[in-house]
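Trainee: One letter stands for each residue in the lines below.
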Amino acid sequence: MAAAVRFFILLLLFLSSLNPILSLYEDQVGLVDWHQQYIGKVKHAVFHTQKTGRKRVVVSTEENVVASLDLRHGEIFWRHVLGTKDAIDGIDIALGKYVITLSSGGSILRAWNLPDGQMVWESSLQGPKDSKTLLLVEKSSKVDKDNMVIVLGRGCLHGVSSVDGEILWKKEFDTQSLKIQQVIQPPGSDFIYVVGFSSSSLFEVYQINAKNGEELQHETAAFTGDFSQELSLVSSETLVALDAARSSLVTISLQSGKISFQQAYISHLVEGSSGPAVMLPSPVTGIFAVKINAVTVFIKVTGEGKLEVVDKTEHTTIISDALPFTEGQQAFALVQHEGNKIHLIMKLADNWGSDLLKETIEMDQQRGLVHKVFVNNYIRTDRSHGFRVLVVMEDHSLLLLQQGAVVWSREESLASIVDITTSELPLEKQGVSVAKVEHNLFEWLKGHWLKLKGTLMLASPEDVAAIQKIRLKSSEKSKMTRDHNGFRKLLIVLTRAGKLFALHTGDGRIVWSLLLPLLRYSENCQHPMGVNLYQWQVPHHHAMDENPSVLVVGKCGQSSDALGVLSFVDTYTGKVLRSFGLDHSVAQVVPLPSTDSTEQRLHLIIDADKHAHLYPKTPEAVGIFQSELSNIYGYSIEADNGIIKGHALKSKCVGKEADEYCFGTRELWSVVFPSESEKIIATVTRRPNEVVHTQAKVIVDQDVMYKYISRNLLFVATVAPKASGEIGSATPEESWLIVYLIDTVTGRILHRMSHHGSQGPVHAVFSENWVVYHYFNLRAHRYEMSVIEIYDQSRAENKDVWKLVLGKHNLTSPISSYSRPEVVTKSQSYFFTHSVKAMAVTLTAKGITSKQLLIGTIGDQVLALDKRFLDPRRTVNPTQAEKEEGIIPLTDSLPIIPQSYVTHALKVEGLRGIITVPAKLESTTLVFAHGVDLFFTQLAPSRTYDSLTEDFSYALLLLTIIALVAAIFVTWVLSERKDLQEKWR
Amino acid sequence: MKRVIVTFFFLTLSLFPFSSFQFESDELLLDDEEFGLEGAPPRFPEPASIPAARSSRKRHSDSDSDSKIQFSLEHAFGDSDFSPAGTFSARLKTWNHGGQTLTKLRFSRNGFTDEEKEKFKKLLQGDDFYRIRLPSNVLSPPGRDYIISSVKARCLPRDGLDEHFVIHTEGVNILAVNYGSPGSCPYPRQLKLPVKWSFNSHTVLKNSEQAPRAPIFTEEVPGGDNGEGEVVQPPERSFWAKYWMYLIPLGLIVMNAITQAMNMPEEQATGQPATQGQPATGVQRGPSAAVRRR
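Chains as they are written, first to last, in the UniProt record's numbering: chain A, 1 to 985; chain B, 1 to 294.
It should be emphasised that the hints constitute simulated quantities derived from the structure, not laboratory data. Cβ coordinates follow ideal geometry from the N, Cα and C atoms, glycine included. There's no promise every hint is true.
Example chain B residues on the side facing chain A (calculated, C-beta under 10 Å, incomplete) [to be verified]:
1) Asp79
2) Ser83
3) Pro84
4) Glu170
5) Ile174
6) Ser184
7) Pro188
8) Gln190
Beyond 12 Å from chain B on every Cβ pair, some chain A residues (computed) [as the list claims (entries may be wrong)]:
9) Lys477
10) Asp561
11) Leu750
12) Tyr945
Computed spacing ranges between beta-carbons, pair by pair [stated by the list, open to error]:
13) A:His540 - B:Leu191: 52 to 58 Å
14) B:Lys104 - A:Ser636: 33 to 39 Å
15) A:Val876 - B:Met245: 32 to 38 Å
16) B:Asp81 - A:Ser636: 34 to 40 Å
17) A:Gln626 - B:Lys121: 21 to 27 Å
18) A:Gln702 - B:Leu191: 41 to 47 Å
19) A:Thr595 - B:Gln70: 51 to 57 Å
20) B:Asp81 - A:Thr316: 35 to 41 Å
21) B:Pro249 - A:Lys920: 54 to 60 Å
22) A:Val876 - B:Lys121: 26 to 32 Å
23) B:Ala257 - A:Asp463: 38 to 44 Å
24) A:Ile962 - B:Met245: 26 to 32 Å
Hey, can you work out the whole structure from these sequences and the hints?
Mentor: Structure, rendered in structure tokens:
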């Protein structure tokens, strides 16, 4: 018995001495977190398929990524994310080993080493004005020749050495109004043609020596009509342009620098055609394509500028770039849609009649139309030519097609996430037992034996690998049912392509995806875009047999009065339940706190005319809404105007009759910032789903402070208009940052504070009763973070115990915004080393766990910073009592502890946002960071105090219990026997 | 060792007043304003409240030009149009550097006419909004837009009609006005008609306050002492954290000893009967042997 007691105490001691850890061990990476790498929608692609070495394709994307992908599997070899303002204009491969990129409107030229992506050189190109950008890499068969890169950018032509990036020559053009359209290098020649328009009818050609940039010849020719500025290159000395009326084609030939025009009317060429024509880009020699209405016409240019129609098609057709094929031949691909199939046709440029290849490929409906095609050839095993094409789809996905099948695909739309919401997984249905999913007993025992070995540090490296594998494989975390701790959820993600994804939080796999039909191009909705996602229906009463759904709000176009569209999507099946276009615009969507009898949440959509529309449009919803009408307030921020306005609702829409779901608004308050001294740069509110555990905060000496907790607080930051630009554009004297806390019901300014010599960008988070914001201090030349905490003084008298006992307190009285608030604010500022891309705060189910700030740093990582570091009550020398309370001594800057990066060694390239979602387990919060990459993890800001850790060895516990029981029996038997012997003696 | 600690302590002591001076850098700003450059861009008004501003500015008032200005308050009942309701008069102080601030705000309220009383009663019955507005620029009213504020009419009546204005200004601009009752207005708003139809107005003028600066402790680590100081102060750990590996075995040994000691008397207790039993058996055997012998 004594041994048992001893063992138990030993176990207790052992458990209490276990120091909980803040960071991860190396082998815990990937247990609860996942990381996915993307590149974005591909703009250009260049194949590099030399005989030796790995086959790869170099791509540049709309997310400003230049990447090298494995052609066999689609994996990323290397990848660079350029800055958000550094858009890539063109890529090419030079010397067979460098990837050349032109970016930032033709002003930065870089070379990257092809095998490993190291930057080799970088040149910045100067020029007087913005212009079309073109990148031309000399392709010559001679290896020893120093191949030149010819760049058109910022109105100048540059010749750059591809070996070291030295600018060899620069050619500025005399004519100011010249708009260069094309730069042509006839094969095997030493000169280049630069062609462009200097006015609507004046066509200019410069002949320039490619070696030194000398102007050899300059010709100008006036056309009798006007040009539409659309130009297509047919061969090295023939161009085809459209006239301004888009009804005739003009063939321009440059015979040894001389310009000659030849006009041909489209209606003569193509019978029965009407309407304006559009040139389709076609880099294939001798053939160009024109689109008239929905018909694509292929026209061949024969000798002396004769035009001849070779083909007409009504299917949507995409033409690939030209592929240099056998001796002097060019091949190209055509992709046509037919239902959910696509036809891939390879043709030779000078032989339209026959096809090199014709394949039909089944395509997933959720990928939409083909947007871009890049073609590449290879030698088959039977020495014939094979072709593979890289296809960019409407949903931004990238596919490689070969031999009539999709070899690999990448869901690149996940690189441009617009909005995120979460959905619970289905409840576990009865009858399907978890035990069935588990392996057999032997496997289970073996796993635990391995785990035990691991804990006792007896495991060999192979065992460690096996343990890791078991941990990763444990299907527990990727199951499709709700779990007790609430770790498993669906992340519903809306992307810029208009595609909706459901990602499983366990392993990040795509559960379903849906290209929303209403967010695709149509006649009524020319430029649709997704705006927001809201939880529409979250069933609690009938959770077993009803599925939750989300509301997708989109609009047709950028302008504020563009009409809106709504879609309702089932989150379990990924099916559109309902979707319709609206007859009003969408300026703001307000989810209301009440739900109707089917648990659909009431949403109010405010349009540009300040009318409020109620959804769902049912009489029941109106009934619920009418009863709450007088207590609903809204506000609108006119950031450009510097005005914030508060509104209340009226029972009827003005000017609209018989629409009982439309409500008018009236202006209740306004805050007008002086336009000459203040400009709104940031506004933040509390998260609507945030839970605050307690209003009281116990401070030193058993004193209590009451947090001022209001859902209607708005944090606004304004800066001097002069200082609203880049850091360094204004002096400290003429820049200031003013922050406000505004009650959005009454428009009361609760707090107003100015930071002199500071400027934006401002990133802020608002939680409970505090705001933390990040800005730049010009005087100290450093970034700063400040905290404002706001406390309610009207409840401060409730400290007396007798008052509480006798019920003479005002703690239970309802709070009204119309009472004059008695608040105090506390504030403090600290220096912070990093600039910040995004900021968020952890969110837990009950709000008991202490908070951490999640800071997306400039290095694309996420840093967790304890809120205790941003406590305005910090002092240089805290008293003993304050120390016990957990107040950290004041320091001038916030510490950055390397272990507190939640992304550990990974980077979330192009970080744009951080989302936190509470798990059911109070200690844990789920964090999702997105940019070009995605990263998900679980965080426990106060450590997992309410659960055993994942690697807790239940087997060890079980074994000890068994051993103890056995020991008890053995000792009992022994003592019995001894007693017996004693008695017999 | 001790000496170093003492000097360190002394240093922090001597630093403390200085750093606290840096926290409240109000004075520095005043200086800035006094010697402000001619024609410099308009600066922020000092963050002090009006009475303080008056007292600190009194001696400068000769050099700075003052002018009196008026701007009107307008009100509306529910959705009705705005009509004049009173006049604010204030002193506009122009500083040498071109900045202008409002001081000495006075307010004269027009009483309600009978018609307005009726309208107000209607508001009280309907629990509707009583709205007021001010120009956003006092020099060229209405400025860019009117500043509107509103309150539920039922919040105003006490004995008379109590109202409270907080006007947030920025130079000659008015940013916002917070209008409401001076006290609380508990939620189930009761319908209560005022006894007297006269206004009891309170007005407060508010400017932006200055944010506390980030503390700067650069002086705390003066070159030479730095390295030594770090050597002197190893990270403080608790007694338990330092010696737990010794304490646990010690505890075990002690525990062992205690259980041993507990067992000992027990054993002794059982042992003594045993020893007592020995002679007893001996005694017993004795007779039996004696019996055998017999």
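Trainee: What hint numbers does the structure not satisfy?
Mentor: 2, 3, 8, 11, 13, 16, 20, 21, 22
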